[in-house]
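Number of protein chains: 2
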Amino acid sequence: MKNKDGMYYVPAQKKAAKVCAAGDFIFSAAGLDHGHIYGMVSGLINAGATLKYVYDPDPAKVAAFLKTFPTAVPASREAQVLDDKEAQLVASACVTSERCALGLKVMDSGKHYFADKAPLTTLEQLESAQKKVIATDKKYAVYYSERLHVESAVLAGMMIKDGVIGQVLQVIGLGPHRLNAPTRPAWFFEKEKYGGILCDIGSHQIEQYLYFAGEEDAQVVRSQIANYKNPAHPGLDDFGDAMLVGQNGTTNYFRVDWFTPDALRTWGDGRTMILGTDGYIEIRKYADIGTDGGADTVLLVNHETEKKMSAAGTVGFPFFGELILDCLNHTERAMTQAHAFKAAELCIKAQLQAVRIGPEIRDGGL
Amino acid sequence: MKNKDGMYYVPAQKKAAKVCAAGDFIFSAAGLDHGHIYGMVSGLINAGATLKYVYDPDPAKVAAFLKTFPTAVPASREAQVLDDKEAQLVASACVTSERCALGLKVMDSGKHYFADKAPLTTLEQLESAQKKVIATDKKYAVYYSERLHVESAVLAGMMIKDGVIGQVLQVIGLGPHRLNAPTRPAWFFEKEKYGGILCDIGSHQIEQYLYFAGEEDAQVVRSQIANYKNPAHPGLDDFGDAMLVGQNGTTNYFRVDWFTPDALRTWGDGRTMILGTDGYIEIRKYADIGTDGGADTVLLVNHETEKKMSAAGTVGFPFFGELILDCLNHTERAMTQAHAFKAAELCIKAQLQAVRIGPEIRDGGL
Chain A
1 MKNKDGMYYV PAQKKAAKVC AAGDFIFSAA GLDHGHIYGM VSGLINAGAT
51 LKYVYDPDPA KVAAFLKTFP TAVPASREAQ VLDDKEAQLV ASACVTSERC
101 ALGLKVMDSG KHYFADKAPL TTLEQLESAQ KKVIATDKKY AVYYSERLHV
151 ESAVLAGMMI KDGVIGQVLQ VIGLGPHRLN APTRPAWFFE KEKYGGILCD
201 IGSHQIEQYL YFAGEEDAQV VRSQIANYKN PAHPGLDDFG DAMLVGQNGT
251 TNYFRVDWFT PDALRTWGDG RTMILGTDGY IEIRKYADIG TDGGADTVLL
301 VNHETEKKMS AAGTVGFPFF GELILDCLNH TERAMTQAHA FKAAELCIKA
351 QLQAVRIGPE IRDGGL
Chain B
1 MKNKDGMYYV PAQKKAAKVC AAGDFIFSAA GLDHGHIYGM VSGLINAGAT
51 LKYVYDPDPA KVAAFLKTFP TAVPASREAQ VLDDKEAQLV ASACVTSERC
101 ALGLKVMDSG KHYFADKAPL TTLEQLESAQ KKVIATDKKY AVYYSERLHV
151 ESAVLAGMMI KDGVIGQVLQ VIGLGPHRLN APTRPAWFFE KEKYGGILCD
201 IGSHQIEQYL YFAGEEDAQV VRSQIANYKN PAHPGLDDFG DAMLVGQNGT
251 TNYFRVDWFT PDALRTWGDG RTMILGTDGY IEIRKYADIG TDGGADTVLL
301 VNHETEKKMS AAGTVGFPFF GELILDCLNH TERAMTQAHA FKAAELCIKA
351 QLQAVRIGPE IRDGGL
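Chain order of the listed sequences is A and B.
Its first residue numbered 1, the first sequence is counted upward by one per residue in this note's numbering.
Its first residue numbered 1, the second sequence is counted upward by one per residue in this note's numbering.
Check each hint, because a few of them may be wrong.
Heads up, the list lumps identical chains together, so a pair's fine if it works in one copy or across two of them.
Once the Cα atoms are required to be at most 20 Å apart in a straight line, the calculated SDA-like pairs of lysine to any residue come out as [to be verified]:
no., residue 1, residue 2
1, K308, W267
2, K349, E98
3, K61, N230
4, K18, H233
5, K307, A295
6, K307, R265
7, K61, D108
8, K52, T331
9, K52, R184
10, K349, E78
11, K85, G294
12, K131, K307
Calculated from the structure, these hints are not laboratory results.
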């Protein structure tokens, strides 16, 4: 994909082609609590999957969903989705703490499961999910959207695999988000439901670290949470950060927060900085602030070049087609189960170990 | 300095004016081991100080210095600088581990001391310096150049004081440097002399954190060092990072390294990202990579604006004039002694506490 001048050819295949014919891979959607379900469903459909049922206990959510996906069949009960023998996968963005319980039922029904991130919120859930995957031989796939559904992150991953920055030493991730508290449902502020900030939006960061650094395991060596500015929502962590060390000696630092200011053009100035032995890459995922440049900016500096690239419209989102093929062919090209679960495990551990910081420590000292 | 649209006026006083007449403030330079001495001396001269003696045991270093500062008088012995009754300050960029010993002699001779960063390398040196400052009533000032002598950092500090991002919550600093190993003197690779990476180039980062966050004290909660790619120089840390928590509950993460790749236009892509309750600032100190933009780029996003600014030629470097006036007037406007020493203390502690990471942990596990 790279010539010797470090220039990237735009791949001939700009967007993920449909990997199967209509009806070859059928799935349903159940649990529409998080808007990510729209990205999950459209990603699968664009890659060739056929949407069958949609289910949510809230008719308003179903009605809204049907406006975007009018061919979906509203199911009257969850059991209708589970008992269906045609669908091969169920996608869900239900409340985070309930994702695992649904997944167990989905796998027991003989289907693969595709959960929004974070895929689960406790180590007990993780253990039950791991056992169920083995028992049923089904997948518990996860929508780590900030890498899988962001073209600049996909391109950066390809560049790293091509060796343009040598061996990866460190990944720094910044994941600021806009709070917009009045628009959020109640469960968004209940820690046992969303899992805490390091488990919730931190899961993207840890998944990216493991992926870009090629690490299969890591240790959370420090993690912190705070509620700096939202006393009305005591269950909210509005800030969190963590340091990890991988088993191969690479490191990770990430910060996540709910402090995106009003004037930013988008919901968050997500960045990833990947340091290698022979160069570095910066991803400006959703905005190249202070310029007219939009999303999906990738910057590369190595021994040959210092350049800015737009990834928009180049490499597409191969994850979805690969996931469909993995389900059909019993492979693991999209993402290994071990990787999906390791990211989940580490974000739960980061949250469990987190030291609470913030203004309240003024009284108690450090 | 700011109007209500968040626009910054270019200050009328673009560069630091001379704060005193020729001969009002005389200083000498002793110890030319680090090139920072050129910035220290020119900063003082531009602010009105008069250079008298230059001393270094190496005649070649003195000869080179005289090419830039031809009015300096070469001293034949260090004692000539110390015994001089005219100079009020001695500036030094001698070997890091020797800076304190020289400083004690300078203060004993009745002069202020202006050391390159890091100003000292051990907690024992720190204690002796603190005692000497009290005993002599002289200053042990420090050239934390990456904030004091970088216009974008000076401008960012003014913006933060103006409250444009609300209350500072966190400072992230990236301080990559180009190694250029063949050009470095032997002491550069001897840890007891340069102090380790967190003490050496990490000192800039900790000083910036304390300054931008308005913290008077902090705790190093995690620090790491590695030698990833320089086995021929086992005393070199080519990577280091750390997390700090301030006594007011703000946090800091910084990474320093010697991995600047060849194609970068300058020695390092130094960045500072300052998160506040109501916005954030990014400083791209030495390059705005992938653009024609040069050094001193400041980006501001808050509730009113998302913009990129050039700080070049705007605010100058007020530190030097303030330091001269502080010496003349017995004030602490440039930097408090407590702040200069606290940054030094924390960078030594970060180094002392550092966990060694890197490829070698593959054998020993985490």
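Hint-by-hint comparison with the structure:
no.	hint	in the structure
1	K308 <-> W267	between (22 Å within a copy, 19 Å between copies)
2	K349 <-> E98	within (18 Å within a copy, 44 Å between copies)
3	K61 <-> N230	neither (28 Å within a copy, 57 Å between copies)
4	K18 <-> H233	neither (44 Å within a copy, 53 Å between copies)
5	K307 <-> A295	both (16 Å within a copy, 16 Å between copies)
6	K307 <-> R265	between (24 Å within a copy, 11 Å between copies)
7	K61 <-> D108	neither (26 Å within a copy, 77 Å between copies)
8	K52 <-> T331	neither (24 Å within a copy, 75 Å between copies)
9	K52 <-> R184	neither (28 Å within a copy, 67 Å between copies)
10	K349 <-> E78	neither (31 Å within a copy, 57 Å between copies)
11	K85 <-> G294	neither (43 Å within a copy, 62 Å between copies)
12	K131 <-> K307	neither (46 Å within a copy, 51 Å between copies)
In summary, the numbered hints that this structure violates are 3, 4, 7, 8, 9, 10, 11 and 12.
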